[in-house]
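Peer 1: Use these hints to put chain X onto chain L, whose structure you have.
Sequences listed follow chains L and X, in order.
The opening position of the first sequence corresponds to residue 1 in this note's numbering, with each subsequent residue numbered one higher.
The opening position of the second sequence corresponds to residue 184 in this note's numbering, with each subsequent residue numbered one higher.
Careful, some of the hints might be misleading.
Far from chain L, by Cβ distances over 10 angstroms, these chain X residues were calculated [claimed, not checked]:
#1 Phe199
#2 Gly200
#3 Thr228
#4 Gly304
#5 Val398
#6 Glu439
#7 Gly451
#8 Glu550
To give an idea of the interface, some chain L residues facing chain X are shown, with a C-beta separation under 8 angstroms as derived from the structure [as the list claims (entries may be wrong)]:
#9 Arg15
#10 Asn30
#11 Glu40
#12 Gln44
#13 Phe47
#14 Glu56
#15 Asn59
#16 Thr61
#17 Val65
#18 Glu100
#19 Leu114
#20 Leu164
Derived from the structure by calculation, the hints contain no laboratory data.
No experiment lies behind these values; they were computed from the predicted model shown.
Here a beta-carbon is modelled for each residue, glycine too, at the ideal position from N, C-alpha and C.
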Amino acid sequence: MNKNGKISFDKSNFRSYFDQYFKALVGFANKFLSDIDMSEDLVQEVFAKLWEKHDEYENETTLKVYLYRSVRNNCLNQLKKQKVRQDYQTESLPQLDTEEFFLDQVLSEEVSRLLYRSISELPEKRQQIVRYSLQGLKNQEIADMMGSTINTVKSQKMYAYKELREKLGKHAFLIALLLDINI
Amino acid sequence: MKEIFQIAKLISKEKFGDLSAEERRELDVWLTKNGRNSLAYKQATSPDLIKNEHELFEKLDVDKSWKKLTKKAPSLLNRKVIRMKTVLRWVAALLLPLLATTYLVNDIYWNPETVIVEAGGAKATLQLANGELIYLEDFQNKEIKSGKEKLALNSDNKLAYHEGESQSEELKYNTIHTPTKGEYSLVLSDGTKVWLNAQTQLEYPVKFGKGKREVILNGEAYFDVAHDTTKAFIVHIANGADVEVLGTSFNVMAYEDEAEVQTTLVEGKVKFTYQENQVTLTPGEQSGLNRKTSHLDVREVKTYQYSAWKEGKFVFSREPLSSVFRKVSRWYGVEVVCEDEVILNRRISGVMNKYENVGELIDLIEEVSPLKIEINKDKLLVSKKMNE
Numbered sequence: 001m002n003k004n005g006k007i008s009f010d011k012s013n014f015r016s017y018f019d020q021y022f023k024a025l026v027g028f029a030n031k032f033l034s035d036i037d038m039s040e041d042l043v044q045e046v047f048a049k050l051w052e053k054h055d056e057y058e059n060e061t062t063l064k065v066y067l068y069r070s071v072r073n074n075c076l077n078q079l080k081k082q083k084v085r086q087d088y089q090t091e092s093l094p095q096l097d098t099e100e101f102f103l104d105q106v107l108s109e110e111v112s113r114l115l116y117r118s119i120s121e122l123p124e125k126r127q128q129i130v131r132y133s134l135q136g137l138k139n140q141e142i143a144d145m146m147g148s149t150i151n152t153v154k155s156q157k158m159y160a161y162k163e164l165r166e167k168l169g170k171h172a173f174l175i176a177l178l179l180d181i182n183i
Numbered sequence: 184m185k186e187i188f189q190i191a192k193l194i195s196k197e198k199f200g201d202l203s204a205e206e207r208r209e210l211d212v213w214l215t216k217n218g219r220n221s222l223a224y225k226q227a228t229s230p231d232l233i234k235n236e237h238e239l240f241e242k243l244d245v246d247k248s249w250k251k252l253t254k255k256a257p258s259l260l261n262r263k264v265i266r267m268k269t270v271l272r273w274v275a276a277l278l279l280p281l282l283a284t285t286y287l288v289n290d291i292y293w294n295p296e297t298v299i300v301e302a303g304g305a306k307a308t309l310q311l312a313n314g315e316l317i318y319l320e321d322f323q324n325k326e327i328k329s330g331k332e333k334l335a336l337n338s339d340n341k342l343a344y345h346e347g348e349s350q351s352e353e354l355k356y357n358t359i360h361t362p363t364k365g366e367y368s369l370v371l372s373d374g375t376k377v378w379l380n381a382q383t384q385l386e387y388p389v390k391f392g393k394g395k396r397e398v399i400l401n402g403e404a405y406f407d408v409a410h411d412t413t414k415a416f417i418v419h420i421a422n423g424a425d426v427e428v429l430g431t432s433f434n435v436m437a438y439e440d441e442a443e444v445q446t447t448l449v450e451g452k453v454k455f456t457y458q459e460n461q462v463t464l465t466p467g468e469q470s471g472l473n474r475k476t477s478h479l480d481v482r483e484v485k486t487y488q489y490s491a492w493k494e495g496k497f498v499f500s501r502e503p504l505s506s507v508f509r510k511v512s513r514w515y516g517v518e519v520v521c522e523d524e525v526i527l528n529r530r531i532s533g534v535m536n537k538y539e540n541v542g543e544l545i546d547l548i549e550e551v552s553p554l555k556i557e558i559n560k561d562k563l564l565v566s567k568k569m570n571e
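Isolated chain X, as found in the complex:
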């Protein structure tokens, strides 16, 4: 029955224009599931029916009904209690600063019931060649300068380097770093676009030289490399692997706490090298290098799943909960506590806007699985529902 509400949302959205490919597919799956569904769809989308219903809505007087309701349930209007609560709130507001001087406010006042763990957002620090640190999210619409030289413009949560080629042999490097709950995007001096996921570090020259274009990555980034056949673009990964391209779009996931270094090719061609092993990927392929065994594997994947994070989405497709939880930790800055291996190996599927707060994600996971997830300060405690 719960599915009905999701389908209703999709149908409403469809009425106002296009659905995304993902949504279209979801609706189509439902429509073709059985003959009844397409009849229900016809009824729900009938212009006459909607018009009648909306005319009925117009006629109804919500205020009048609310008044009648308060007669049926008088405690809805119990003024005394409201006043008392207001008084208490004022007392609390006045007392708190006093208490705070002697106790940790957190411990006495912070009601865990009201904790909302918010999603991450645009946040990054930039370290210049001279060691200077800049907090980019607080440094909007400004030029990043080194002495008098303008290096890049930081605006709309994007850092864009000015075009050009370095004239000297020695390159100057900048390093951008996104924390837990952070993401950022940048345009390098050759026009290459890079999206950085949370807990990621990228080191790159302010201006590339005459030879290869080389950057160093730790974490996860999506690259849309500006085409230049004369200068290969190489992503060095901290464990010694390299991804070499000419001009193309791909995602590199190289978190140290993940079992694999994954390179997913969306468009173009890339060469992945690790020690003496080398593979060339074609679009739709992913290479996976096992960090422990050094085993290198190539597989076909739906690339969208691996780049959706840069479009602001979580896309899980039969993804083990252990991996889901690692993503949750990086993006929401929470520690996920789950001791049950069986749970961690289970797989789930689903799509969610990653800017929703963590409660939404928990709801979704709880809805599709027999799990119970509690928030306790900055921890998520995962267990099985008792009655299942």
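Here chain L stands alone, though its shape is the one from the complex:
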């Protein structure tokens, strides 16, 4: 990242962007392709292209927009090719190529990605507690599964959640809304 928060890539930072988005983009591609190997391969291709283009991105959000859009477009192309090759009539194709489907999947994937990333920075025991509680398990059930007491679970969970909120808060400035700027 340089002065304006603009992103341009070099060998030293490219890997960290790859690490940050690779898994989520594979998960995202898989929603179109339902084939993990193919999804992995496709996302590698997208990153290869990203590197070769050497473009500059205004900020991380514009980069994300680019990544999700290219993965999606490549997926749709892939599906079209398959369709021709295997003469494979898929009912779901028309729905997969709508903008709404795209946005909904991006939202889900980003939520999963952010949760995964922040949880994986926690100490191991807390990670497990948070995962169980995201699955909807009650404190007592978590305590039973981990051979711990309910009070330990409660306090560990409280610390973990506090830490997680802070982690997310750090990245989550909320601008947003709107603006009547319209010069």
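Peer 2: Frame of chain L, contents of chain X only:
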């Protein structure tokens, strides 16, 4: 589409507990915008879906994929270039001290591309009654003394005066001063808490006397005044205006480069006086005194907007860019250069953590407006985007 990423952050945060009121509102606005959004929300928050996705993430091997990627894009591993760069860096490191003796390092070495303008932070100077100056940020966890008498404890970027009342008629005054990029907080001898924004000066007695509690403000401060019905608390502003209270929370913004002196009442009751004009404010009200015309106006406001700075946030709600830029200058120590009146009169809204460096703020402004902002040393150059 960009909005989606912000919503994703809010949803993730919500999963781990409460959202702030501001965030809650933002998410609710989005949720109720149309029926589709609430369905998308349901999908994104479904525990089963998240669990499946996380299990998939666990299975993926990033290192292995990275290796495959470097085969597809071999220039990612071009070792020769890396070595060359390292060598150059060493040469530069060795040569620099030599060059620095003859040239201004700034001009030749400082690559403007890498300039990061950092946000302000806790920083203030204190002037004692005898004229002695203390740099508070370097004087942590220590007692401020006048001779043998302990006046105040300076710790965790807060200056707390010891309780007590002055026995003599003549009061001793201290003055605290925050520079550009500075902020500080203090507790006065009566227990009143004060937060000082950047470029602010407050003069106050080390211990208050038997009569009124009086302080002098230039700049911006938030006061949480300790209740004492027998001694009114008065903030004198340099242009001659006074704010008088008994015990209450309010913000006074009295920068000389702002058109108005604004007093915003959060809790309690205050009386604002300027020459023969006087208004009494109730919570949620703000008085605005025009510095040029002396016109005094009272309006209802969302007080949070005017006190958010002390919670570490910038909150803009339809705020003219001219005013946004003045705040940016005080907090980031940069000069904002914008000659276009039309731009300056435009309004923007948004919330940001004020401890982020200036690049974050620029991104946000650029994202929501057709403006381009460049950093050039300590200047921000504002212009319209060429293609719009």
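Peer 1: Against this structure, judge whether each hint is valid.
Peer 2: Taking the hints in turn, this is what the structure says about them:
Not every CB of chain L lies more than 10 angstroms from the CB of X/Phe199, the least distance being 4 angstroms, so the non-interface label is violated. Under the 10 angstroms C-beta cut-off, the non-interface status given to X/Gly200 relative to chain L is violated; the minimum distance is some 5 angstroms. Under the 10 angstroms C-beta cut-off, the non-interface status given to X/Thr228 relative to chain L is violated; the minimum distance is some 7 angstroms. The claim that X/Gly304 lies off the interface holds: its Cβ sits roughly 16 angstroms from the closest Cβ of chain L, which is beyond the 10 angstroms cut-off.
The non-interface label for X/Val398 is consistent with chain L: the shortest C-beta to C-beta separation is roughly 34 angstroms, beyond 10 angstroms. Annotated as non-interface, X/Glu439 keeps its C-beta farther than 10 angstroms from every C-beta of chain L; the closest such distance is 28 angstroms. Against chain L, the non-interface label of X/Gly451 holds: every CB pair exceeds 10 angstroms, the least being about 30 angstroms. X/Glu550, annotated as away from the interface, has a beta carbon of chain L within 10 angstroms; the closest lies near 7 angstroms.
The beta carbon of L/Arg15 is positioned within 8 angstroms of a beta carbon in chain X (closest approach about 7 angstroms), and the interface hint is therefore held. With 8 angstroms as the threshold, the beta carbon of L/Asn30 comes within range of chain X, its nearest partner Cβ sitting at about 7 angstroms, so the hint holds. Checking L/Glu40 against chain X: minimum C-beta separation of about 6 angstroms stays under 8 angstroms; hint holds. For L/Gln44, the suggested interface contact is upheld, since its CB lies about 5 angstroms from the closest CB of chain X, less than 8 angstroms.
The beta carbon of L/Phe47 comes within 6 angstroms of a beta carbon in chain X, closer than 8 angstroms, and the hint placing it at the interface holds. Here the hint on L/Glu56 is broken, as its CB sits about 11 angstroms from the closest CB of chain X, past 8 angstroms. Satisfaction of the interface hint for L/Asn59 is found here, the shortest Cβ-Cβ separation to chain X being roughly 4 angstroms, below the 8 angstroms cut-off. Using the Cβ-Cβ criterion of 8 angstroms, the hint placing L/Thr61 at the interface with chain X is satisfied: the shortest such distance is roughly 5 angstroms.
Interface hint at L/Val65: satisfied, since its Cβ lies 6 angstroms from the closest Cβ of chain X, which is below the 8 angstroms cut-off. A cut of 8 angstroms between beta carbons decides the hint on L/Glu100: the least distance to chain X is about 6 angstroms, and the hint holds. Among the interface hints, the one on L/Leu114 holds; its C-beta lies about 4 angstroms from the nearest C-beta in chain X, closer than the 8 angstroms criterion. Interface restraint check for L/Leu164: the shortest CB-CB distance to chain X comes to about 4 angstroms, inside 8 angstroms, so the restraint holds.
Comparing the model with each numbered hint stated earlier shows that hints 1, 2, 3, 8, 14 do not hold.
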